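Residue numbers (our numbering), protein chains in the order written: chain H, 1 to 281; chain U, 1 to 281; chain D, 1 to 281; chain P, 1 to 281.
The set of hints was computed from the structure by calculation and includes no laboratory data. Some hints could be false.
Said to hold, decoys possible - Here are the computed lysine-lysine pairs in the DSS-like style, where the Cα-Cα straight-line distance is at most 25 Å:
#, chain 1, residue 1, chain 2, residue 2
1, H, K221, H, K57
2, D, K221, U, K221
3, P, K15, D, K66
These numbers come from a predicted model, not from an experiment.
4 protein chains.
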Amino acid sequence: MNEDEDVNAAPTATKTFAPEDGRRYMNPFQFGPRPIGRGSARYNDVVSMSISYITDKASLAKYIHKPFEIADEPLLTVSYSMNREVEWLAGHSYNLIAVNASVFFNGEVDKLHGGHPLVLWENLTDPILTGRENEGIPKIYADIPDHSIINGEWRVSASHFGHKIVDMKISDLEQLEEQEVEQLRKRSEGGHWMGWKYIPPTGDGPEVNHPTLFPTSGNQKAAWRGKGKIIWQHLTWEQNPTQFHIVNALHDLPVLEIRSAMVTESSSNLRPANNPPRVIR
Amino acid sequence: MNEDEDVNAAPTATKTFAPEDGRRYMNPFQFGPRPIGRGSARYNDVVSMSISYITDKASLAKYIHKPFEIADEPLLTVSYSMNREVEWLAGHSYNLIAVNASVFFNGEVDKLHGGHPLVLWENLTDPILTGRENEGIPKIYADIPDHSIINGEWRVSASHFGHKIVDMKISDLEQLEEQEVEQLRKRSEGGHWMGWKYIPPTGDGPEVNHPTLFPTSGNQKAAWRGKGKIIWQHLTWEQNPTQFHIVNALHDLPVLEIRSAMVTESSSNLRPANNPPRVIR
Amino acid sequence: MNEDEDVNAAPTATKTFAPEDGRRYMNPFQFGPRPIGRGSARYNDVVSMSISYITDKASLAKYIHKPFEIADEPLLTVSYSMNREVEWLAGHSYNLIAVNASVFFNGEVDKLHGGHPLVLWENLTDPILTGRENEGIPKIYADIPDHSIINGEWRVSASHFGHKIVDMKISDLEQLEEQEVEQLRKRSEGGHWMGWKYIPPTGDGPEVNHPTLFPTSGNQKAAWRGKGKIIWQHLTWEQNPTQFHIVNALHDLPVLEIRSAMVTESSSNLRPANNPPRVIR
Amino acid sequence: MNEDEDVNAAPTATKTFAPEDGRRYMNPFQFGPRPIGRGSARYNDVVSMSISYITDKASLAKYIHKPFEIADEPLLTVSYSMNREVEWLAGHSYNLIAVNASVFFNGEVDKLHGGHPLVLWENLTDPILTGRENEGIPKIYADIPDHSIINGEWRVSASHFGHKIVDMKISDLEQLEEQEVEQLRKRSEGGHWMGWKYIPPTGDGPEVNHPTLFPTSGNQKAAWRGKGKIIWQHLTWEQNPTQFHIVNALHDLPVLEIRSAMVTESSSNLRPANNPPRVIR
Numbered sequence: 001m002n003e004d005e006d007v008n009a010a011p012t013a014t015k016t017f018a019p020e021d022g023r024r025y026m027n028p029f030q031f032g033p034r035p036i037g038r039g040s041a042r043y044n045d046v047v048s049m050s051i052s053y054i055t056d057k058a059s060l061a062k063y064i065h066k067p068f069e070i071a072d073e074p075l076l077t078v079s080y081s082m083n084r085e086v087e088w089l090a091g092h093s094y095n096l097i098a099v100n101a102s103v104f105f106n107g108e109v110d111k112l113h114g115g116h117p118l119v120l121w122e123n124l125t126d127p128i129l130t131g132r133e134n135e136g137i138p139k140i141y142a143d144i145p146d147h148s149i150i151n152g153e154w155r156v157s158a159s160h161f162g163h164k165i166v167d168m169k170i171s172d173l174e175q176l177e178e179q180e181v182e183q184l185r186k187r188s189e190g191g192h193w194m195g196w197k198y199i200p201p202t203g204d205g206p207e208v209n210h211p212t213l214f215p216t217s218g219n220q221k222a223a224w225r226g227k228g229k230i231i232w233q234h235l236t237w238e239q240n241p242t243q244f245h246i247v248n249a250l251h252d253l254p255v256l257e258i259r260s261a262m263v264t265e266s267s268s269n270l271r272p273a274n275n276p277p278r279v280i281r
Numbered sequence: 001m002n003e004d005e006d007v008n009a010a011p012t013a014t015k016t017f018a019p020e021d022g023r024r025y026m027n028p029f030q031f032g033p034r035p036i037g038r039g040s041a042r043y044n045d046v047v048s049m050s051i052s053y054i055t056d057k058a059s060l061a062k063y064i065h066k067p068f069e070i071a072d073e074p075l076l077t078v079s080y081s082m083n084r085e086v087e088w089l090a091g092h093s094y095n096l097i098a099v100n101a102s103v104f105f106n107g108e109v110d111k112l113h114g115g116h117p118l119v120l121w122e123n124l125t126d127p128i129l130t131g132r133e134n135e136g137i138p139k140i141y142a143d144i145p146d147h148s149i150i151n152g153e154w155r156v157s158a159s160h161f162g163h164k165i166v167d168m169k170i171s172d173l174e175q176l177e178e179q180e181v182e183q184l185r186k187r188s189e190g191g192h193w194m195g196w197k198y199i200p201p202t203g204d205g206p207e208v209n210h211p212t213l214f215p216t217s218g219n220q221k222a223a224w225r226g227k228g229k230i231i232w233q234h235l236t237w238e239q240n241p242t243q244f245h246i247v248n249a250l251h252d253l254p255v256l257e258i259r260s261a262m263v264t265e266s267s268s269n270l271r272p273a274n275n276p277p278r279v280i281r
Numbered sequence: 001m002n003e004d005e006d007v008n009a010a011p012t013a014t015k016t017f018a019p020e021d022g023r024r025y026m027n028p029f030q031f032g033p034r035p036i037g038r039g040s041a042r043y044n045d046v047v048s049m050s051i052s053y054i055t056d057k058a059s060l061a062k063y064i065h066k067p068f069e070i071a072d073e074p075l076l077t078v079s080y081s082m083n084r085e086v087e088w089l090a091g092h093s094y095n096l097i098a099v100n101a102s103v104f105f106n107g108e109v110d111k112l113h114g115g116h117p118l119v120l121w122e123n124l125t126d127p128i129l130t131g132r133e134n135e136g137i138p139k140i141y142a143d144i145p146d147h148s149i150i151n152g153e154w155r156v157s158a159s160h161f162g163h164k165i166v167d168m169k170i171s172d173l174e175q176l177e178e179q180e181v182e183q184l185r186k187r188s189e190g191g192h193w194m195g196w197k198y199i200p201p202t203g204d205g206p207e208v209n210h211p212t213l214f215p216t217s218g219n220q221k222a223a224w225r226g227k228g229k230i231i232w233q234h235l236t237w238e239q240n241p242t243q244f245h246i247v248n249a250l251h252d253l254p255v256l257e258i259r260s261a262m263v264t265e266s267s268s269n270l271r272p273a274n275n276p277p278r279v280i281r
Numbered sequence: 001m002n003e004d005e006d007v008n009a010a011p012t013a014t015k016t017f018a019p020e021d022g023r024r025y026m027n028p029f030q031f032g033p034r035p036i037g038r039g040s041a042r043y044n045d046v047v048s049m050s051i052s053y054i055t056d057k058a059s060l061a062k063y064i065h066k067p068f069e070i071a072d073e074p075l076l077t078v079s080y081s082m083n084r085e086v087e088w089l090a091g092h093s094y095n096l097i098a099v100n101a102s103v104f105f106n107g108e109v110d111k112l113h114g115g116h117p118l119v120l121w122e123n124l125t126d127p128i129l130t131g132r133e134n135e136g137i138p139k140i141y142a143d144i145p146d147h148s149i150i151n152g153e154w155r156v157s158a159s160h161f162g163h164k165i166v167d168m169k170i171s172d173l174e175q176l177e178e179q180e181v182e183q184l185r186k187r188s189e190g191g192h193w194m195g196w197k198y199i200p201p202t203g204d205g206p207e208v209n210h211p212t213l214f215p216t217s218g219n220q221k222a223a224w225r226g227k228g229k230i231i232w233q234h235l236t237w238e239q240n241p242t243q244f245h246i247v248n249a250l251h252d253l254p255v256l257e258i259r260s261a262m263v264t265e266s267s268s269n270l271r272p273a274n275n276p277p278r279v280i281r
């Protein structure tokens, strides 16, 4: 190091943080971007249980925000996933239970059919923060132990603060033919998963409040059709102070007809480089 | 049901969600505001361990964003709190470890001395979401078991994904006289806790990026002075993929001189009605 | 070291494990006794919620093994304890829920009135092993989050494999006068807690199968009387395969009359040096 | 119900518990045997990581109890298993890390080569109790998150009270040919896993103290050979009061040469009906 550089060193000594253009940060952002680059968004080993059912249209509508509209019929899909070998988590695992409504996004610009997450419970905070702040997915926490399998019956449940939220069960599994799996893949590929990013204002600061689009891809490797059963609990504020109103709303949406119950194995890449989440209008 | 009601029923049937003015929501917001009104922001039983130390000024500056400036000296305070009887959580509990720098906010409008959270680890997702989205506090998750006390030594540690983040220890406790506790209270009362709310944009959507002020109050009921020790770990991405860069940054800030180590008992009201969090400029 | 000792050293090189007389071991015992000596059996900070109720005598009798007999009346006491600053656990904490019947031990040698644990759930394996193997206390595992307190109501619950076992609630607390607390202490001091040590045989190995006595002491520091409520769940094998039969048995014991509901603060020494657990006959 | 039955009913009303001959119980035994009959001992989905290494013979000998002897060479095998679809747990899951020494049982009656568990950590209390009390396996508790897989590297670690016990890593996996897997199966089939059942006395009650034999079977379905690395921690009593002496003993057994590192997929039946655990002499 020569003298000139030494002279320059002094200002360096008081160098402070400033975010760099074109890099994505999350709070705490002064430590730099989450080093997501060392792991992709690939989920290499995903096992899911999904139950779809028709509910009451007027009841469901109460939780749908324009320009979202209920699709042809008021269909809810509740999906548990055990996500393993998640690359951005250095190969660690987590579980989730998602509640999606089938919707039509009737925007001024965008007109899209797809799934709309009313709520997701996940058992790891890291993807909850990422999903809420990067993609507008309404993720919250629950304890979700890995599913159990006994006598051909698959079961899973979620709870928080020690109080049950929901039970799911799928039995009588029959494996789908490869051509049926191929149809599943086609239906998922290029699909639309549409959230709503909402961040409240602090004081007179800005609010974030707009719909988002997250593209989906078809990655099912194997699938089984079965008989599904789902039971939502009714809770008090004392039992689950931050979520009881959500659980009770879902409990009060009647299960009028189970449309499908399915177990799948898949792997997926949540973030195709050329197709990031975006605002829809 | 008579004919009139039937006529009225039709619009009701398609009533959809829209947020109401003047109410605070969090995602998933279609289920209505978090019913926080049934519990206040009171924390009735808080036990804390705090260790303050001088670190290297130039090293610390790298994590300070203008118009924040390092205070007279580069002082970090690491505080563990076991929060019990938290009213907005229906009387449940959680633990946290906060890292605060002593700063001067040299804004165009506001000129404030106070504490500035570089990062907080909490062992419950609910307050993490509230803190990030309502107050701009950079909270993330860690496993933080309740502190242990043996032979007069208090210990606590935090870890994530099974890998240790930090160890704290305070020994040789001497209780403060009531007048010293009163001084602590005075110093806290009307103090300034200043965060930075940062929410990344989704696509071409808005970004949130501004400092925040959260007033503090003095609620210490008893306090003990002791000898403190703190050990930060150095981690790899494989060990803690979402936080290793934060832990390593704190590990690399040298502990030049322990200034104080203190155990306190307190109760507090985090959200005085007349003094909500606000933007500072 | 002289030459003789050096010669003797060779066999030392192949020295193997043998338990020493007069020392207490637990498996894995080749690593030596649990170093319990560095921490006493003191529990420095215990908060408890207890609900006692009369149940049906004939129903309760099914779970009582001679020479135990039901006391004057069929009284069950369900007690939650949050144990903190547990010295043998280096000052760490754990929670338990105990179900005790009031009994008379009508042995050939010993004639004793006292409490008889039908089952204890604890949320830490270490004291479960110690209790089962050293004292004959029928401890098993459950998730038992710390109690919550809101609006003067104390609540706690336990679950395992994500399925609730029991809920307890105590409200309308009224603090006891010091002389009433003194009476509580007197009643506990020198009391009898009587278990049954049962370890099944392996092959044609020995079985352990005998009653035990564990002395109790009176350590209540403060106490509150309140209104109690307890709800036992009914579970399936699929929900809790190792414990459902226990939970269901307790569920099926009717709560005929709540006799008392109490919150206490205490500290205790579980193992007075001069009064170890022993066999009763 | 006729009159005779009515007469008989009176004694029934005071029927008490007595264990039935020929049935296996565990504490709390008054509620009847664990209903294990509704699930077999099959483990349908087991993924394991095993690392074997040569250590120092004299050092290892300190933890070997006669008539066990160290086999030809002082070989330790540390094995992590993620056990899923465990039938006796109604299809639930748990993880373990086992430390086995290669031994020769040089008994008066039995002369057997096989594996000898020095200690097993498991993250579920239910199998810990069963293993200790039914089979003499020295199981204790640890937090053992599912392994992670990233960039072809498999990692797992265990901790207790927030402090790390051990890290294992296997990389550079190469799949074994079917005939090599067949050899693995042959070596396991009819193998001997030999524990030591030790239950301390209570007062002047009996002690259980004898070796046990647990037959093993060969169930590997696929296997990969790789490069292994293992790191044992050194802990203080304050960090892990019930296990630090065990962890430190293993830490102090040098890793002189890694002999093998392997990942396997298997399913197994731990309790063949015709070959229960038994005492060896």
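Which numbered hints fail: The structure breaks only hint 1.
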